[in-house]
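Listed below, chain by chain, are the residues.
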Amino acid sequence: MKLITAVVKPFKLDDVKTALTEIGLPGITVTEVRGFGRQRGHTEVYRGAEYTVEFVPKVRLEVLTDDDSAQRVHDAIVEAARTGQIGDGKVWITPVEAVTRVRTGDMGNDAL
Amino acid sequence: MSNRQKFIALTLLTFISLIAVGALTHHHGDAAGLTTGNTADFLGSSTGGQGATSVPVSQVGINQLANESGHLHVAINFVWLLITGFLVLFMQVGFAFLVTGLTRAKNAGHMMMMNIAAFAVALIAYYAVGFAFQFGGVAPVANLGGASPLNNIFGHGNAGVIGLHGFFLQSGRTYDVGVLAFFLFQVVFMETAGYIIIGAIAERISFAGFILAELAMGAIVYPIYGNWLWGGGWLAHLGASLGWGNGAVDFAGSGVVHATGGWAALALAMVLGPRIGKFNKDKSPNAIPGHSIPYVVVGTLILVFGWMGFNPGSTFGATDLRIGVVAVNTLLSACFGFVFAMAWTAYKYGKPDISMSCNGMLAGLVAITAPCAFVAPWAASIIGAIAGLLVCGGVWFFDHKAHIDDPCGAISVHGINGAWGIIAVGLFADGTYGDGWNGIKGPVKGLFYNGHWGQLLAQIAHVVVGFAWAWGVMWLIFVIGKRFIKIRVSPEVELEGLDLPEFGVLAYPDFVLSSSDVGHAPTQTGAVVGPPTTTYSSGEPQSDERSPQ
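Protein sequence lines correspond, in order, to chains A and B. Everything in the first sequence is counted per our numbering, starting at 1 for the first residue and increasing by one. Everything in the second sequence is counted per our numbering, starting at 113 for the first residue and increasing by one.
Take the hints with a grain of salt, since some may be wrong.
Residues from chain B that keep clear of chain A, each with C-beta distances beyond 12 Å, as calculated [unchecked claim]:
| id | residue |
| --- | --- |
| 1 | 122 |
| 2 | 214 |
| 3 | 240 |
| 4 | 400 |
| 5 | 462 |
| 6 | 463 |
| 7 | 466 |
| 8 | 471 |
| 9 | 511 |
| 10 | 519 |
| 11 | 554 |
| 12 | 613 |
Derived contacts from chain A toward chain B, CB cut-off under 8 Å, selection only [stated by the list, open to error]:
| id | residue |
| --- | --- |
| 13 | 46 |
| 14 | 47 |
| 15 | 48 |
| 16 | 49 |
| 17 | 51 |
Using 20 Å as the maximum straight-line C-alpha spacing, the simulated DMTMM-like pairs for lysine to aspartate or glutamate come out as follows [to be verified]:
| id | chain 1 | residue 1 | chain 2 | residue 2 |
| --- | --- | --- | --- | --- |
| 18 | B | 513 | A | 50 |
| 19 | B | 393 | A | 50 |
| 20 | B | 460 | A | 50 |
| 21 | B | 395 | A | 79 |
| 22 | B | 463 | A | 32 |
| 23 | B | 460 | A | 97 |
| 24 | A | 2 | A | 97 |
| 25 | A | 12 | A | 79 |
Keep in mind that the hints were calculated from the coordinates and are not lab data. Ideal Cβ positions, reconstructed from N, Cα and C, are used throughout, including at glycine.
In isolation and in its complexed conformation, chain B is listed as follows (with noise of 0.2 Å):
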């Protein structure tokens, strides 16, 4: 026997004497764990227990248990709000992989620069005023406890405007366990409103001007109109005005969250432009593939991850077992928004388009947040099937008709399809669900259910309102602030690829990067730039390098 094959026999005779002492031992605790957690543990954990064995048959024995129950509720509740925030935090990571991966290698620097500082701009903003103005007055959340902080709103009655109490987590005693918490949850929220505009300002937005969006976002543009919805404010309020069904809905937020972002992008999108190449003189529209598909299929499953917090989150409690159909809705859509968009690429254009199938997915889950509570399974089927449509005809309606350029298909996935969510409350929500929504009685309930036109017509509205808001406010905020700021980037760094010029370094430095596409400056280093006059798809070379085949 060699040294080498004593050396393994030893090695194996340990590993195997190791599992012996670890089966022949039988001494074990709770390992099926039907003990653990009993009297002894409520007795030691609530006030007035000390040294008794058992709950005294009492008020006062009734009372703990009550407390304790009570606690235990809103621990579960906050465990579960906390942990599903943890989720729609992490679609961050979904959206940066996404819109990178849309986008060309030259810019990737860029692009994700912008995600991670929408990050932390937009939080701080929320922090200082957007928190307040959305939720100052939203009054006590039952499934939170306590008895909230959060009850100052500008305007009277169901005329709410703007959230008057929690500037910087402070100002009227808003320093408290439940707010804190409910902010954890908001902010990741407005978070996600904040890097769907990345999606359609990509490539072309000077990083001053990106800062001045975000910050829009983050103190005005979504907690706004955010409180109009949930914080109390009039959109909600239209159920006790106007009659109009449990007025406004929105669970999850299709409008609050996707429609405001998409529509801001949109009027990101025309201020700025579009990209050099991207249409030609006489307005079609070429292609400008993104650098990574594979970025943007992790960046899409990573999203539908996250929105498994998103919505089933959106109860704000674990106690809410209405989390089983939020959740399995949720998935339902994400699919056959993903089937359908797929099935029409490949029937239009003759192949399944990843990148467009992707962006079906998404478009389910966008369409599915609002009605994700109040609709049944084969309502979110149809919801996320429409949904698939809606976002292919939304990119080809921008691209050959409005002639707005869009890199990642923002508006159509996240406006288009965040309007179109908002609809489906008001047609599919079949009365299961939201009894005394809005402090209406009775559960939400669509068109084709109880045959009244009241739930609609308030959905009509948010979806109205919302666009006026989104779209016209930060319209307005660009046109005033490109007067004092440069917005977009000169033509020369937009060839070149904003990387360098904005920030002094490449994304993947090792690699020469191509210059076959549409606006691509021939080389990295001492490109000869200028704005390019001949056509893409004209099949005409467009460099004199030619390598004989």
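The following block holds chain A by itself, in its conformation from the complex (with noise of 0.2 Å):
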């Protein structure tokens, strides 16, 4: 089993979503988060005094996954947010030890 985190551009969640919902997948988890990368946020002017925007808005998606829908999965994210700007964001993948679905008990690939 696998977790993919995504965190891509807000406006993009729905696309992203629909994505998703395209092929099939059950559920996604999705957070606001906020947070700056290589650009380290961007530079403003409030009342005549700059600032820097530090920590840019951005939401972070996360999906359970069989190993072998992983890679579509991951692909399909990267596909829907992509925009081409700096910003778009970053889709990783990790491997997961054990999944329980807290209704029914159930384990592994069935609680999926």
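Build the complex from these two chains, which are given one at a time in their own frames, with help from the hints.
Next comes the structure, spelled out in structure tokens:
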């Protein structure tokens, strides 16, 4: 089993969700997050004094999949989230040791 | 037909029949309003008309008519004075939104509490002594009729310095309809000066220090200076004593209200010192963005609306038809102020700055407050445009040169532009209004219309004396006051936010407040606090939490 985590631009969330629904994914967890990458935020002027918006708002998606569909989900997110501009975000895959569905107690792939 | 459809049909039928009943009955009274209010109403309201059907053609009848006319004249003016006073009262809401929006969410409760407490505390101080100091010797106000009991001023002839009737609206027989209506209008003006200072002392003053500041404003700083301009005091008599035009002229209070508030705010900001994180070690300023731009815009618009009472109401009567000119001049100046501040920030910083544009609109309002009755619309436009630029320059100056922390721009909006408004009278007053102002024959005329420096000199005296008084007295009160009370909160409290330590409640308890601002505690509860040493603009992260992206 794999955990796919993606940090993407907030306004791309709908596109990503649609793409994942199309490939038949059962569930997504979404969190509002803030952070910075290589750009280190951006500079603005407020009442004549400069300041840096250090932490840019993003959304983080978490998706659990079986080993076979991980790459497909990964590719779908990358494609849907891309604008070609700075700050499009990242997607990564991590292995998962165990998963349990709380209601039924199903474990492993059955719980996905 | 289902039951549901029957129900809908029946309901429709009911409403149609209701409309039909209303349309078919043609009996009406005076729908055009042409016959309501006539001789019968006059005879019923005036004395001596019992049973009569027409006014007697005699001196008695003429006197009756004259009495009634005079009563109506004053009544209309009372209504005008009170309604415009209520509008000025509503400006409190605008100020509350404005200054709370321009500061951080962690202090929003403190900001709002200061606004409403200022109202109550300063009003009581003004009721007890302030009003008497200011207007105790103002003499009768023509538009409000009657023989005013406010006729006792300390200081001889042209040198009046303080009024002495009207303490607790009682001393000197001041329990009087005219005096109390006048009090309502004047107390809301004092309130305006009272909450101007909040903008400059925000996010760091202790509540006790704040109460001291409001008591000083309501009892001493505002009323005594107000006496010199509006209460029959010596600055208003510079025309009679030194031959300077019509004496110092300040129609609705660019100086008396706004500059006084602005300079008092300057003194307070200097004694308090800047917020933690506002200035770096090399004294360069950091931006500390406010938490709600929508609050700022709503507050500004409410203030514009309230100003429609502030300036036109200062005629003290609707029978002075100059109110039309006053209102339009006020709007023109406000809009020119906004546009010039918007254009300047766009030119200088690349984008129009919303809060500075709003400050520009307020700057235009402040600057036109003294000249609004004396100038033509074109001059009002110029006054507003210059005000819009002055406020941008002022905010820049206090940030980058004077290193005085003024979170809401109160000093630039009210102090600098109050002074500019006073000067503008001495330049642009066109001589169409103000005959007999301050007891001087002839209308108010500025340098550009009669080539004489007299009026301008009187206005400059108003600016200089106003600064020395408001800044000096407030500075003195606070320098002495801080020996006895704690005027500023501790650094820990300032970083955590003033809401919980000062009042035990958060403005926004359901939200986790972000920590990316300068001087901001990492979290609302259990914060690790201490003055930040890193600078905000260096691009270094201040938190160890890093979200990958």
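Checked hints:
1. 122: Given a closest Cβ separation of 45 Å, the condition holds.
2. 214: Label violated. Min Cβ-Cβ 9 Å, cutoff 12 Å.
3. 240: Holds, since 38 Å exceeds 12 Å.
4. 400: 8 Å, violated
5. 462: 7 Å, violated
6. 463: About 7 Å separates residue 463/B from the closest Cβ of chain A, which leaves it inside 12 Å; violated.
7. 466: Label violated. Min Cβ-Cβ 10 Å, cutoff 12 Å.
8. 471: Violated, because the least Cβ-Cβ distance between residue 471/B and chain A comes to about 8 Å, which does not exceed 12 Å.
9. 511: 6 Å, violated
10. 519: Check fails; 9 Å does not lie beyond 12 Å.
11. 554: Per Cβ check, residue 554/B is outside 12 Å of chain A; nearest 44 Å; holds.
12. 613: 26 Å, holds
13. 46: Interface hint status for residue 46/A: holds (4 Å vs cutoff 8 Å).
14. 47: Residue 47/A check passes; min Cβ-Cβ to chain B is 6 Å, inside 8 Å.
15. 48: Holds, because the Cβ-Cβ distance from residue 48/A to chain B comes to roughly 5 Å (cut-off 8 Å).
16. 49: Nearest chain B Cβ about 4 Å off; hint holds.
17. 51: 4 Å, holds
18. 513/B with 50/A: Cα-Cα ~15 Å, so holds.
19. 393/B with 50/A: 16 Å, holds
20. 460/B with 50/A: 12 Å, holds
21. 395/B with 79/A: 47 Å, violated
22. 463/B with 32/A: 28 Å, violated
23. 460/B with 97/A: 57 Å, violated
24. 2/A with 97/A: 9 Å, holds
25. 12/A with 79/A: This hinted pair holds, its Cα atoms lying about 11 Å apart.
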